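Sequences are here, hints too, so could you generate the full structure?
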Amino acid sequence: MKHFVVFDLDGTLIDTLNGLTKTSNDFLLKFNYPYHYTKEEVKNFIGNGAKKLFLSIIKKTEFDENSEKEYQDFLKLYEKDQYNSEPFLNVIETLKRLKSQDKKLIIYSNKPNHILQKLISSKLSMINFDYIQGQDDNYPPKPDVQLLKLILNKLELVPINGLYVGDSYTDFLTSINIKMDMCFCEYGYAKKEDLDKIICNHITNFAEILNYIK
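The numbering of the sequence shown is numbering that gives the first Met the number 0, which starts it at 0 and goes up by one.
Derived from the structure by calculation, the hints contain no laboratory data. Bear in mind that the values here come from a model prediction, so they are computed numbers and not experimental data. Check each hint, because a few of them may be wrong.
[Said to hold, decoys possible] Simulated crosslink set (EDC-like; lysine to aspartate or glutamate; CA at most 20 Å straight-line):
#1 Lys51 - Asp193
#2 Lys95 - Asp129
#3 Lys42 - Glu185
#4 Lys42 - Asp25
#5 Lys213 - Asp101
#6 Lys79 - Glu185
#7 Lys1 - Glu207
#8 Lys51 - Glu64
#9 Lys95 - Asp80
#10 Lys50 - Asp80
#11 Lys51 - Asp135
#12 Lys1 - Asp129
#13 Lys1 - Glu155
#14 Lys58 - Glu40
#15 Lys42 - Asp80
#16 Lys75 - Glu92
#17 Lys213 - Asp195
#18 Lys51 - Asp72
#19 Lys1 - Asp101
#20 Lys50 - Asp143
#21 Lys213 - Glu92
#22 Lys21 - Glu92
Structure below.
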């Protein structure tokens, strides 16, 4: 039996693709970049945090002085457009069911922490999560698990008693690094070329995770 669940956010709990696509294209237009992306193209950039998304849309591999300044403007658009997002089918009902079973619920995301906290307050305020943690610049992003280990220690939880739920290869590597069983959300944003590498339980509907916590 699993006593707690660790969730990714984008592509797992909440469909943020519309907002991320709008942010990306609005930024590119504002700063006169000659690029424009479809939702499918932006989907391939999601999963490794806002900084990686930003570098991907401007087609750079690292920051320079100019892009550091532009990134701050990107974040302002990013924060505003995140509210153009909604929980996936059956997310709210399933989370309530898990809480009724006294399961601890944790969100562990590469999304900037202050934006993550506001988004959860806006879209999932009816759920009493036990811990919500976004990207902290003092720690490496997922698939690193230093920060996740600290969270589990604080809550007095051990990985073997938990289930990890995510939608990307980065999440799969995170589950391996923390030594937790995983449910992979096929409805999310994973790259097609990564699907065969994600060897764990696959679900097509969020409610199916109830089958894996018994």
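Structure-based check of each hint:
no. : hint            : verdict
1   : Lys51 - Asp193  : 18 Å, holds
2   : Lys95 - Asp129  : 13 Å, holds
3   : Lys42 - Glu185  : 13 Å, holds
4   : Lys42 - Asp25   : 16 Å, holds
5   : Lys213 - Asp101 : 12 Å, holds
6   : Lys79 - Glu185  : 27 Å, violated
7   : Lys1 - Glu207   : 14 Å, holds
8   : Lys51 - Glu64   : 16 Å, holds
9   : Lys95 - Asp80   : 26 Å, violated
10  : Lys50 - Asp80   : 16 Å, holds
11  : Lys51 - Asp135  : 14 Å, holds
12  : Lys1 - Asp129   : 15 Å, holds
13  : Lys1 - Glu155   : 14 Å, holds
14  : Lys58 - Glu40   : 13 Å, holds
15  : Lys42 - Asp80   : 16 Å, holds
16  : Lys75 - Glu92   : 31 Å, violated
17  : Lys213 - Asp195 : 26 Å, violated
18  : Lys51 - Asp72   : 15 Å, holds
19  : Lys1 - Asp101   : 11 Å, holds
20  : Lys50 - Asp143  : 16 Å, holds
21  : Lys213 - Glu92  : 18 Å, holds
22  : Lys21 - Glu92   : 28 Å, violated
In this structure, the earlier hints numbered 6, 9, 16, 17, 22 are contradicted, and the remaining ones agree with it.
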